[in-house]
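**Student:** With the hints as extra help, turn the sequences into a complete structure.
Start counting at 1 in the sequence shown, then tack on 1486, and there's your number in our numbering.
Honestly, the hints are just simulated from the structure, not real lab data.
We put the CB at the ideal spot given by N, CA and C, even for glycine.
Among the hints, a few may not be true.
Ranges between beta-carbon positions, derived for each pair [unchecked claim]:
| no. | residue 1 | residue 2 | range |
| --- | --- | --- | --- |
| 1 | Y1552 | R1603 | 30 to 36 Å |
| 2 | I1542 | S1565 | 23 to 29 Å |
| 3 | G1517 | A1543 | 29 to 35 Å |
| 4 | S1549 | T1494 | 40 to 46 Å |
| 5 | L1607 | V1550 | 32 to 38 Å |
| 6 | Y1541 | S1564 | 20 to 26 Å |
| 7 | P1518 | S1564 | 18 to 24 Å |
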Amino acid sequence: MDPQLYSTLLAVTAGLYFVASLIALGRLLAGPNSMDRLVSLESMIAMSQGMLAVYIAWSMDTSVAYAMLVIALLGFISSLSVARFRVPDKRPRATVRASSREASREASRDAAQQAAREEDLKHVDEKEDHF
1487 MDPQLYSTLL AVTAGLYFVA SLIALGRLLA GPNSMDRLVS LESMIAMSQG
1537 MLAVYIAWSM DTSVAYAMLV IALLGFISSL SVARFRVPDK RPRATVRASS
1587 REASREASRD AAQQAAREED LKHVDEKEDH F
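**Tutor:** What follows is the structure in structure tokens.
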């Protein structure tokens, strides 16, 4: 392959990786919830591995292959830990227009669920049904 064409293709690939990482960085900063941020972080990790692969192809030096391995392991461990210890995002409940009969049924059902939750959270000595 012509060296000039090879260098041009690698430069185009590096430029595309750079633009894609800027887009992922924008999603990381502006993501509406933590899962969007996690997905953009994962994509940035994958793109950094791709950029290192482009560097290996350009320089013909494989010494950064160890860095690629470390980035892959850290990316896996970080996404695993975030997924394990993630607290769900708070989202407001969607208001649905319903008839007054349906609204009263839903309100009574919500009240019954809340009472059941409060009963479950009581200490054992405070519950009425203990021995």
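**Student:** Evaluate each hint against the coordinates.
**Tutor:** Quick rundown of the hints versus the structure:
1. Y1552 <-> R1603: 30 to 36 Å: About 52 Å separates the Cβ atoms of Y1552 and R1603, which means 30 to 36 Å is violated.
2. I1542 <-> S1565: 23 to 29 Å: 24 Å, holds
3. G1517 <-> A1543: 29 to 35 Å: At 32 Å between Cβs, range holds.
4. S1549 <-> T1494: 40 to 46 Å: 25 Å, violated
5. L1607 <-> V1550: 32 to 38 Å: 54 Å, violated
6. Y1541 <-> S1564: 20 to 26 Å: This hint holds: roughly 22 Å between Cβ atoms.
7. P1518 <-> S1564: 18 to 24 Å: Since the Cβ atoms of P1518 and S1564 sit about 21 Å apart, the hinted range of 18 to 24 Å holds.
Figure legend: structure checked against the earlier numbered hints; hints not met, in rising order: 1, 4, 5.
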